[in-house]
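The whole structure should be built from the sequences, with the hints applied where relevant.
Going down the list, the protein sequences come from chains A and B. For the first sequence, the residue numbers in our numbering are 1 to 664. For the second sequence, the residue numbers in our numbering are 1 to 324.
Take the hints with a grain of salt, since some may be wrong.
Said to hold, decoys possible - Partial chain B-side listing against chain A, Cβ under 8 Å, derived:
no., residue
1, A128
2, S143
3, T291
Unchecked claim - The following label-pair restraints were derived from C-beta to C-beta distances:
no., chain 1, residue 1, chain 2, residue 2, range
4, B, K150, A, R523, 39 to 47 Å
5, A, L343, B, H85, 20 to 28 Å
6, A, L489, B, K150, 19 to 27 Å
7, B, E93, A, L630, 42 to 50 Å
8, B, E93, A, T658, 54 to 62 Å
9, A, S267, B, K150, 45 to 53 Å
Claimed, not checked - Under the rule of at most 20 Å between Cα atoms (straight-line distance), these lysine to aspartate or glutamate pairs were calculated in the EDC-like manner:
no., chain 1, residue 1, chain 2, residue 2
10, B, K98, B, D124
11, B, K98, B, D164
12, A, K89, A, D157
13, B, K232, B, D194
14, B, K232, A, D234
15, A, K169, B, D124
16, A, K485, B, D164
17, B, K155, A, D234
18, A, K281, B, D124
19, B, K161, B, D194
20, A, K448, B, D139
21, A, K342, B, D124
22, A, K342, B, E74
23, B, K111, B, E93
24, A, K281, B, D116
25, A, K448, B, D164
26, A, K167, B, E74
27, B, K232, A, E644
28, B, K232, A, D44
29, B, K155, B, D139
30, B, K264, B, D319
31, A, K625, A, D590
32, B, K232, A, D134
33, A, K281, A, E217
34, B, K161, A, D616
35, B, K264, A, E644
36, A, K342, B, D115
37, A, K169, B, E42
38, A, K342, B, D116
39, B, K111, A, D590
40, B, K123, B, D164
I should point out that these hints are in silico values taken from the structure, not numbers from a laboratory. Quick caveat: nothing in here was measured; it's all calculated off a predicted structure. All C-beta atoms in this analysis are idealised placements derived from N, C-alpha and C, irrespective of residue type, glycine included.
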Amino acid sequence: MNTAKCILAAAFSIGLVARFAAAQPVVAPTNEPVGPPRGENTGDYNITNSFETGYRWHTVDGNIGKYRSDVNFGNGIRLLGSTLTVNSKDGHGHYFDELQLTTGGLGNDPYQFANLRIQKNKLYRYDLLWRENDYYNPALTISNGQHFLNTTRRFHDQSLTLFPQSKLKFFLGYGRNSQSGPALTTIQYPDSRGDEFPLFSNIRRVQDEYRLGTEFEIAGIKLGVLRSWEFFRDDTGAAITGLLPGNNLTDSATLATFARSQPNHGSTDGWRVNILSDRSKLYSLSGKFTYAGGRRDFILDENALGTDRFGSNRLRQTYIFGNARRPVTAASFTATLFPASKLTISNQTSFHSTRMDGDSTFTEINNATLSTTLVNFQYLGIRAITNTTDINYQWNNWASVYGGYQFSNRRIRSTEQTVFAGFPDRLQAEQENTVHAGLFGVRLRPAKGLTVRLDAEVGRADRPFYPIGEKNYQAFGGRVQYKAKSLILSAAARTNYNTNSVSLSAYSSRSRNYSFDASWAPRAWFSFDAGYNKIHLDTTSGIAYFLQGDLVNGNSVYISNIHALNAGARFTVKRAEIYVGYNRVQDLGDGRAISSTQLPGIDPFYLAQTFPLSFDSPLARLSLKLTPKLRWNAGYQYYRYNEEFLDRQNYKAHTGFTSVTWAF
Amino acid sequence: MVYHSGQVGLSNGVLFSFVVFLAVARAQSGPAATPGNSTSPEYVGSAVCKTCHPNIWLNFYKNPHYKSIASGTETPARTGCEGCHGPAKGHVEARGGKTTIPHAFSLMQPKEILDDCLTCHAKDFPRANIRRSSHTVTDVVCSSCHSIHKAATPKFLLAKKQTDLCYSCHSSVRAQFSMPFKHRVNEGVIQCSDCHNPHGSAAPTWRSGLRPRMVEQAQGNEEPCLRCHTDKRGPFLFEHAAVRVDGCESCHNPHGSMNARLLKRPVTFTLCLECHNGAGTFGRQGDGILTQSPSHNMADPRYQNCTTCHVRIHGSNADARFLR
Chain A
1 MNTAKCILAA
11 AFSIGLVARF
21 AAAQPVVAPT
31 NEPVGPPRGE
41 NTGDYNITNS
51 FETGYRWHTV
61 DGNIGKYRSD
71 VNFGNGIRLL
81 GSTLTVNSKD
91 GHGHYFDELQ
101 LTTGGLGNDP
111 YQFANLRIQK
121 NKLYRYDLLW
131 RENDYYNPAL
141 TISNGQHFLN
151 TTRRFHDQSL
161 TLFPQSKLKF
171 FLGYGRNSQS
181 GPALTTIQYP
191 DSRGDEFPLF
201 SNIRRVQDEY
211 RLGTEFEIAG
221 IKLGVLRSWE
231 FFRDDTGAAI
241 TGLLPGNNLT
251 DSATLATFAR
261 SQPNHGSTDG
271 WRVNILSDRS
281 KLYSLSGKFT
291 YAGGRRDFIL
301 DENALGTDRF
311 GSNRLRQTYI
321 FGNARRPVTA
331 ASFTATLFPA
341 SKLTISNQTS
351 FHSTRMDGDS
361 TFTEINNATL
371 STTLVNFQYL
381 GIRAITNTTD
391 INYQWNNWAS
401 VYGGYQFSNR
411 RIRSTEQTVF
421 AGFPDRLQAE
431 QENTVHAGLF
441 GVRLRPAKGL
451 TVRLDAEVGR
461 ADRPFYPIGE
471 KNYQAFGGRV
481 QYKAKSLILS
491 AAARTNYNTN
501 SVSLSAYSSR
511 SRNYSFDASW
521 APRAWFSFDA
531 GYNKIHLDTT
541 SGIAYFLQGD
551 LVNGNSVYIS
561 NIHALNAGAR
571 FTVKRAEIYV
581 GYNRVQDLGD
591 GRAISSTQLP
601 GIDPFYLAQT
611 FPLSFDSPLA
621 RLSLKLTPKL
631 RWNAGYQYYR
641 YNEEFLDRQN
651 YKAHTGFTSV
661 TWAF
Chain B
1 MVYHSGQVGL
11 SNGVLFSFVV
21 FLAVARAQSG
31 PAATPGNSTS
41 PEYVGSAVCK
51 TCHPNIWLNF
61 YKNPHYKSIA
71 SGTETPARTG
81 CEGCHGPAKG
91 HVEARGGKTT
101 IPHAFSLMQP
111 KEILDDCLTC
121 HAKDFPRANI
131 RRSSHTVTDV
141 VCSSCHSIHK
151 AATPKFLLAK
161 KQTDLCYSCH
171 SSVRAQFSMP
181 FKHRVNEGVI
191 QCSDCHNPHG
201 SAAPTWRSGL
211 RPRMVEQAQG
221 NEEPCLRCHT
231 DKRGPFLFEH
241 AAVRVDGCES
251 CHNPHGSMNA
261 RLLKRPVTFT
271 LCLECHNGAG
281 TFGRQGDGIL
291 TQSPSHNMAD
301 PRYQNCTTCH
311 VRIHGSNADA
321 RFLR
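Okay, here's the thing in structure tokens:
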């Protein structure tokens, strides 16, 4: 073997280890060992290809709805993954110089994607992104599972850049985002004291986006203009036929027929202007201006027939139409100065304004002589001015510091139209919130491969918008990493404290995260990765609620104590690649073993605030090299979801696949 | 063939555009690749580098940086190996050695690496805020994530698959994406860069405009969540003000959660009541956020799932209390 081949083999081995060191937490297509020197030469092009196809299977014991919510892999033949690259060898291909195609999960996996890039140097670059995600959510803990979703989201985006390497570029783009499928929602009938009824809903939402833009450079200053148009359509309908008793057996209201048509169509015109000057060695300037004028036109036509809680027949007809508008303007300007080679000073000033308003006509008619027509008008305006200054100084080769000051002023204006004594009345308000925050950090490299980073942020807001917002907060963090040839060790800690106390109410939160990670690849045939995280959060909030008509001012305590572990090892034994891994996430809560419902007489709000559960997932994968271009693969992954207090959602699942990879 | 006037106009427009396209394309196409086309005596050309570094050179035509060689019009200081590593005459005369490479990235300070890469890459707008990005101030620079010669992904030349790359520092985020409720990042259908700009983004237009600093806005300056969750975008006649003022994170953990719908609390009513407590100067009118009405008896489980009735909690066009 000559020297070049030895070098190539070494590079191949390093690439192999680097690829295999990457942990994969789901039974996914097998990592195909790709080193630099491969592919088939055809004419002036080099082609590489990898194509993995096989059969995926699963079995579930327990709540299959929850399994579909968390994992959702099914049975069937799949194109588990594929890659194709075609490169011109001299950079002067006839139609293109580079083609890349990557796919995953095609053929009915719940998560499917395809990425395509084709480009010809200097002339064009075309990117296509396509994704499909089956989303299933029974969400038993939300609205008793009656807000069920079994939808498919499809995304695709195409963009074409003309003359990508020149000083004058053009952009064209189109994107489509859709969601469709059956769902359940709920309706309260016949009034706000009525019962709740599950309602079938057929979700149909589509958004199209068109983009057109240009970038050009004049005298070292680059300018970009992008125009966009978005069109949104929501034609989701809802209906029931047949008598429903409602959720609450003590409530005698019934709903016999219900039909709702609620089309909601709108558009958003957008402008985005960028400017950039980064030629000088003393400064860099960039600016951005965007405007998006959103508008939605809506109509609602609803008919409901049933009985009220007294057993009287009720017919409710509701008709609503109107529009809503939201122009959003934002601008930011960043100046970065380099007064000395080791000093960087950066300042960003930004402004944004959001104004939401609209009008609607509301007509509700029912056969109990109630007839109301209201014109509702609301306004919510948010204006924020933000300024941040950061200084970054490299003290010497092993120490550097950075610090910064941030300031933000936000004004919120609000108008709500209400009805007072039968006459329309306007409720207007204005408020301002100012935030001051300081940052400081140190970076050290005391020894070869060893880095230490410490940082702190302290902030003060004078009038946060809501009780759990940041008011008096401080965050401290640190991270240590040691990096050697075959070993990476890192440890990190971060704490966040926030108190937001006012008269009658107090809120405080403490979050503490700790992590430790190790990655060890001592040999080309063996690598090991492991990580542990502790994510702790406890909050105390003042809450107010009614019990049997009496107002209660109390406290809500939430404690989440999450431990997460991931580990994986990869071996190469002759022609076999073996990977074994384990993932576990467990929330211990506050440590109790039984739920609030098992402890009568104790404040349910306190006891509801901890929810211990665990989610385990060991996995293994084998890849056997049959011929230089052919591999046989098999994978297995086990999932166990286990809630401590209730077992309605618990499940155990076995998933796996067997496949063949053809690669060259 | 008879055309309507509009069609003629369109056809002429298309023809004109095609002619302009071809003209510009012609102007863009340069001479054939001439590796080693150096004029300065300090530059030796990439062909010389190939002699001792064949492992890098043999596959370099697949590297996006090969465009600088294929172009044939770039100056020696922006062409091939020496475009990044500097003039190699000294390195050749010394018969190799890392210290004789003017720009040996493994020996350079983070800021020097950033400066080198930005010599060419600063011109792209997504990197306009890289100098003040959280990554830059913590010494995470280009070579921390990108591997020019041993990339695991041909697109963007990432040193590892994107998720593994991000997880290598953001370990707690890996834990969040391993939770039962999560966005499908590990499954490959979503990527970190769908929501984040690792090169630094402009100030956010939600919360107080200060944080988070690496989240990229959607087209209309909104949170990136609304790129996919278009139905939550509105505008709505009746906005749930917390969503617009402080963003989706008011109620949701965007990466992953142990709670359904990525909520911050396991049950709905506690999430709502922590804000709807009537206290202080909070809310739209600045006199506390509305408490529930006395008809809500919280001892009755039917009132503990707030969204059973308040179904349009993100915003409604038909009801100020989000009931439809």
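Identify every previously stated hint that the structure contradicts and give their numbers, smallest first. 2, 4, 10, 11, 12, 17, 21, 22, 23, 25, 27, 28, 29, 30, 31, 34, 37, 39 and 40
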